[in-house]
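Engineer: Residue numbers (our numbering), protein chains in the order written: chain L, 1 to 94; chain Z, 95 to 547.
A few of these clues could be false.
[As the list claims (entries may be wrong)] Under the rule of at most 20 angstroms between Cα atoms (straight-line distance), these lysine to any residue pairs were calculated in the SDA-like manner:
{"#": "1", "chain 1": "L", "residue 1": "15", "chain 2": "Z", "residue 2": "513"}
{"#": "2", "chain 1": "Z", "residue 1": "410", "chain 2": "L", "residue 2": "73"}
{"#": "3", "chain 1": "Z", "residue 1": "337", "chain 2": "Z", "residue 2": "133"}
{"#": "4", "chain 1": "Z", "residue 1": "106", "chain 2": "L", "residue 2": "16"}
{"#": "5", "chain 1": "Z", "residue 1": "337", "chain 2": "L", "residue 2": "94"}
{"#": "6", "chain 1": "Z", "residue 1": "106", "chain 2": "L", "residue 2": "14"}
{"#": "7", "chain 1": "L", "residue 1": "66", "chain 2": "Z", "residue 2": "102"}
{"#": "8", "chain 1": "Z", "residue 1": "410", "chain 2": "Z", "residue 2": "538"}
{"#": "9", "chain 1": "Z", "residue 1": "411", "chain 2": "Z", "residue 2": "531"}
{"#": "10", "chain 1": "Z", "residue 1": "106", "chain 2": "L", "residue 2": "59"}
{"#": "11", "chain 1": "Z", "residue 1": "106", "chain 2": "L", "residue 2": "41"}
{"#": "12", "chain 1": "Z", "residue 1": "106", "chain 2": "L", "residue 2": "93"}
{"#": "13", "chain 1": "Z", "residue 1": "411", "chain 2": "L", "residue 2": "93"}
{"#": "14", "chain 1": "Z", "residue 1": "339", "chain 2": "L", "residue 2": "42"}
{"#": "15", "chain 1": "Z", "residue 1": "340", "chain 2": "Z", "residue 2": "415"}
{"#": "16", "chain 1": "Z", "residue 1": "106", "chain 2": "L", "residue 2": "30"}
{"#": "17", "chain 1": "Z", "residue 1": "339", "chain 2": "L", "residue 2": "93"}
{"#": "18", "chain 1": "L", "residue 1": "66", "chain 2": "Z", "residue 2": "108"}
{"#": "19", "chain 1": "Z", "residue 1": "106", "chain 2": "L", "residue 2": "44"}
{"#": "20", "chain 1": "L", "residue 1": "72", "chain 2": "L", "residue 2": "16"}
{"#": "21", "chain 1": "Z", "residue 1": "106", "chain 2": "L", "residue 2": "89"}
{"#": "22", "chain 1": "L", "residue 1": "66", "chain 2": "Z", "residue 2": "540"}
{"#": "23", "chain 1": "Z", "residue 1": "339", "chain 2": "Z", "residue 2": "358"}
{"#": "24", "chain 1": "Z", "residue 1": "337", "chain 2": "L", "residue 2": "92"}
{"#": "25", "chain 1": "L", "residue 1": "66", "chain 2": "Z", "residue 2": "337"}
{"#": "26", "chain 1": "Z", "residue 1": "106", "chain 2": "L", "residue 2": "35"}
{"#": "27", "chain 1": "Z", "residue 1": "106", "chain 2": "L", "residue 2": "42"}
{"#": "28", "chain 1": "Z", "residue 1": "340", "chain 2": "L", "residue 2": "89"}
No wet-lab data here; the hints were simulated from the structure.
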Amino acid sequence: MGTAPERIIVTVLGKDRVGIIAGVASVLAEHNVNILDISQTILQEFLAMIMIADISQCTVDLNTLKERLAAKGRELGVRIDAQHEDVFLYMHRI
Amino acid sequence: MLTIQEILETIKMIQEENLDIRTITLGISLRDCTDPDPQRCCRKIYDKITRLAARLVQVGEEIEQEYGIPIVNKRIAVTPIALVAEGSEVEDYLLFAQTLEKAAQAVGVDFIGGFSALVHKGFTRGDRLLIESIPEALARTERVCASVNVATTKTGINMDAVAIMGHIVKETAALTADRQGIGAARLVVFANAPEDNPFMAGAFHGIGEPECAVNVGISGPGVVKRAIENMPPDADLGELAEKIKKMAFKITRMGELVGREAARRLGVSFGVVDISLAPTPAVGDSVAEILEAMGIERCGAPGTTAALALLNDAVKKGGAMASSYVGGLSGAFIPVSEDAGMVRAAAEGALSLEKLEAMTSVCSVGLDMIVIPGDTPAATVAAIIADEMAIGVINNKTTGVRIIPAPGKKPGDWVEFGGLLGRAPVMPVSRFSPAAFIARGGRIPAPIQSLGN
């Protein structure tokens, strides 16, 4: 990943059900990604969860991690995205 | 710390509102490639482009993946070929166009701009050869884009060049008649052409530019449209402008991030962010629909020019705050065929060529991707170009004309280009002739700037 900062933001959007956090967390743990923060809101029956995670010790590259998370999302019936923190920081902070 | 609302806003802008980076364009100087032997010159050109742009597409895709922002196009712009080819002893520049095509193909970009000449004050031998080669060059390549700058505020309008370009546009369309004249969609005639414009077909790498630089073009009409729709229906126009400014800021930040990251990874300079709202044929990604969201029933109705002026200025204000290096054209694009809202307005008769011309006086680019009848005389095409050049020259701004006289088509017929170029109805053109005016030739003098009106 070169010299880029090492934090990603994982977002989970979809219908709430049992096991979503566990599912996401297990994918991250499998690849040695440390979860730094979690926040979530339930909008009616929909879940919007945001995780901030450190990928500096991640065992795979970001694209592979994104694919694994997306696959887990399909399994759980939710949409999981992972994006570099810079996108959000750059857009909203001067 | 970021808030949940901010994170969700970004995700929504990308996933639902078509926020993307329209293009990253690698500008490459070919000034060191001149050679009396045209073959050797072309080999130098090919080698330099493929060396410097070898990783462009890959780096673009990496950034797309990591940041989750689609980058629609990766492109190359080079030094105007008339300047590079002039040192070669050859009478036909088709060879150079084919070299650009091969290089573009080798590195995997869909367009390469810079088959260009700057003739606003007059022609050199190389300029003439390049212009004469344009129809053939565009007919026999698929990725090469050509542009000719025929006017500037400092020099006035080279009407000899304008008259020639009327013929060149027609000939280019005729040579690609089997594909509805699509060759002309890769040809722009400019006044005050910017040297760092990342948008095709008018992109070239100007002579004031560094060896190699990354320029970024943003997109984002969908995001602005949604923001306006979400405002209360009685929000006044000052509030609208304020909202657009904020959205433009966010979109431009994204462009700046992508541009700087691409430049860093490619090891070249970061040039500019072009803060143009650039539509795509996708529904919801339309500049016309922004104007309609403001309260214009159909784009082209009275009020359209004022609404566009507000939009354009607000985008510039927000964008200028977001990036210190703003350049290129930086204004809303109003191409007809590439914008679903413009196409609908033209088909319904709300939008005419004349209204489009008026709109170009308050935004960038000019008459763009407009299809006119195939039997429009060359002098009339030249006169349409001349009018648009006059708007640019007098108002000290960039304007361009990219117009397609579709062979065999009549007003009301449809032309389908496919992909980002979209589809459009053939628009009627005035039947009264400007031929005697165009035949006079010469140069319209530069305007006086101190007695403004």
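Engineer: Each hint should be assessed against the structure and marked as holding or not.
Structural biologist: Comparing the hints with the structure gives:
1. L:15 to Z:513: violated (35 angstroms)
2. Z:410 to L:73: violated (39 angstroms)
3. Z:337 to Z:133: violated (55 angstroms)
4. Z:106 to L:16: It holds: about 19 angstroms lies between the C-alpha atoms, which stays within 20 angstroms.
5. Z:337 to L:94: holds (17 angstroms)
6. Z:106 to L:14: holds (13 angstroms)
7. L:66 to Z:102: holds (18 angstroms)
8. Z:410 to Z:538: Since the Cα atoms of residue 410 of chain Z and residue 538 of chain Z sit roughly 31 angstroms apart, the hinted pair is violated (cutoff 20 angstroms).
9. Z:411 to Z:531: Not satisfied, since the Cα-Cα distance of roughly 40 angstroms exceeds 20 angstroms.
10. Z:106 to L:59: With Cα atoms ~30 angstroms apart, residue 106 of chain Z and residue 59 of chain L exceed 20 angstroms; violated.
11. Z:106 to L:41: holds (16 angstroms)
12. Z:106 to L:93: holds (18 angstroms)
13. Z:411 to L:93: Roughly 17 angstroms between the alpha carbons, so the hint for residue 411 of chain Z and residue 93 of chain L holds.
14. Z:339 to L:42: violated (31 angstroms)
15. Z:340 to Z:415: holds (10 angstroms)
16. Z:106 to L:30: Violated, because 29 angstroms separates the two Cα atoms, which is more than 20 angstroms.
17. Z:339 to L:93: holds (15 angstroms)
18. L:66 to Z:108: With a Cα-Cα distance of about 16 angstroms, the restraint between residue 66 of chain L and residue 108 of chain Z holds, given a limit of 20 angstroms.
19. Z:106 to L:44: holds (18 angstroms)
20. L:72 to L:16: holds (14 angstroms)
21. Z:106 to L:89: holds (16 angstroms)
22. L:66 to Z:540: violated (57 angstroms)
23. Z:339 to Z:358: violated (28 angstroms)
24. Z:337 to L:92: holds (15 angstroms)
25. L:66 to Z:337: Between residue 66 of chain L and residue 337 of chain Z the Cα gap is close to 33 angstroms, so the pair fails against 20 angstroms, i.e. violated.
26. Z:106 to L:35: violated (23 angstroms)
27. Z:106 to L:42: holds (17 angstroms)
28. Z:340 to L:89: Given that 20 angstroms is the threshold and the Cα spacing comes to 15 angstroms, the pair holds.
Of the numbered hints stated above, those contradicted by the structure are hints 1, 2, 3, 8, 9, 10, 14, 16, 22, 23, 25 and 26, listed in ascending order.
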